[in-house]
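**Student:** Sequence lines, in order, name chains U and D.
The number in the working numbering is simply the position in the first sequence, starting from 1, with 3 added.
The number in the working numbering is simply the position in the second sequence, starting from 1, with 1 added.
Please note that a few of the clues may not be correct.
Listed next, with one range per pair, are the computed distances between beta-carbon atoms [stated by the list, open to error]:
| # | chain 1 | residue 1 | chain 2 | residue 2 | range |
| --- | --- | --- | --- | --- | --- |
| 1 | D | 51 | U | 127 | 18 to 28 Å |
| 2 | U | 215 | D | 80 | 36 to 46 Å |
| 3 | D | 66 | U | 31 | 12 to 22 Å |
| 4 | U | 59 | D | 103 | 46 to 56 Å |
| 5 | D | 80 | U | 167 | 25 to 35 Å |
| 6 | U | 32 | D | 61 | 21 to 31 Å |
| 7 | D | 56 | U | 86 | 43 to 53 Å |
No wet-lab data here; the hints were simulated from the structure.
No residue lacks a Cβ here, since even glycine has one placed at the ideal position from N, Cα and C.
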Amino acid sequence: MCDVCGCQLHDHHHSDSKIVEVNQSLLEANQKQAASNKTHIEKMGAIAINLISSPGSGKTTLLERTIDELGDSVKIGVIEGDIETERDADRIRAKGVPAVQLTTGGACHLDAPMVHGGLHVLEHFGKGKGFDIIFIENVGNLVCPATFDLGEHHRAILLSVPEGSDKPVKYPTTFKGADLFMITKTDLLQHFDFDIEEAKSEALKIQPDLDILCFSSTTGEGFDQWITYLKNLLSA
Amino acid sequence: MHELSLAQNLLDQLLQLSKQHDAKIVTKATVIIGPFSGIVVESFAFGFNAIKQDHPPTATADLILETPAPEYICLDCNTINTGDAGTTNEHPKAVYETINDKLCSACGSSRLSPSGGTELILKQLEME
Ligand SMILES: Nc1nc2c(ncn2[C@@H]2O[C@H](COP(=O)(O)OP(=O)(O)OP(=O)(O)O)[C@@H](O)[C@H]2O)c(=O)[nH]1
Ligand SMILES: [Mg+2]
Ligand SMILES: [Zn+2]
Ligand SMILES: [Zn+2]
Ligand SMILES: [Zn+2]
Ligand SMILES: [Zn+2]
């Protein structure tokens, strides 16, 4: 019997201390799943866009208007992430577009395994028809979702005019990982001291390759550029 | 909140590695948290120290956190400027704000962009 731990095994050892160099990312499991999600999305014939913003910046409203503007020309699917409720998915379904609601039950972000499940359900809804673009509306939160790759092809950050133009400076990590910066609710510019040039220049400092669009889902201002942007992504 | 799920990833790794190496307890785990990882160092440590107690192999593990200094690339001359090393209390956004009035040490430009620093890495493990 081993006199260190009292067990019956004789072939194990108790060296005083053992140092192991690990050097492994703790995000690796998520990253692997994200890579497989990306392949999955491409097999579905689609590209995916991950929409990240604070609660209420206008993600769902943007999707509703985008569905109206694109009509039948582009086949859309939506994965909605919320802490609770099916409300956002219901809003999308009301437009006749397949939507899967992922409820995180408290978690402040979507991660790649959750989206994996969502893709399988979405695929089922789209049987026979397929998808061109899958929008993934992340949980309303400008911090946490930035850490978790979902397998998307493009990552968009939405910032609404009432939130203030200092947000890129305050949330650099979020902007650093983005491909597209969308300034929303521009119809409210006259009521707030939002400085578009400040927001743009700070965001470009953090992420020089960032594409930037400004629009209002209420008036439709700026939507032409957004629709063109989407069509360019699809033909790329 | 996401710090807790990341701390859970760390705990799972430690349990798996200690088993794999036939160790009874993990005495020390060294983790690198990049300045632009979006992870609040304090919350990560708090989360880990709360959940480690549920498992005998990790119950007394010391968590050593390394927080490398942030680096900024100058968009005008490509020089890498090194910022002040973060303390363990610092929130990621504070790291960026410290650079906001600084200028490139080589050319004086104010266009400094965060470079790298998004990592969360389990570097080293000590077990008995
Ligand atoms: N004035 C104005 N209001 C808008 C615009 N877009 C959205 N809103 C309003 O902003 C509120 C929130 O919009 P949502 O689209 O639900 O925001 P969200 O980002 O999906 O919110 P969460 O999913 O809860 O994070 C609603 O009352 C919308 O009517 C806009 O362009 N202009
Ligand atoms: Mg929404
Ligand atoms: Zn023994
Ligand atoms: Zn699958
Ligand atoms: Zn979080
Ligand atoms: Zn310079």
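**Student:** Now tell me, hint by hint, if it's right for this structure.
**Tutor:** Verification of the hints:
no.	hint	verdict
1	D:51 <-> U:127: 18 to 28 Å	violated, 39 Å
2	U:215 <-> D:80: 36 to 46 Å	violated, 26 Å
3	D:66 <-> U:31: 12 to 22 Å	holds, 19 Å
4	U:59 <-> D:103: 46 to 56 Å	violated, 34 Å
5	D:80 <-> U:167: 25 to 35 Å	holds, 31 Å
6	U:32 <-> D:61: 21 to 31 Å	holds, 26 Å
7	D:56 <-> U:86: 43 to 53 Å	violated, 28 Å
Checked against the numbered hints given earlier, this structure breaks hints 1, 2, 4 and 7; the rest are met.
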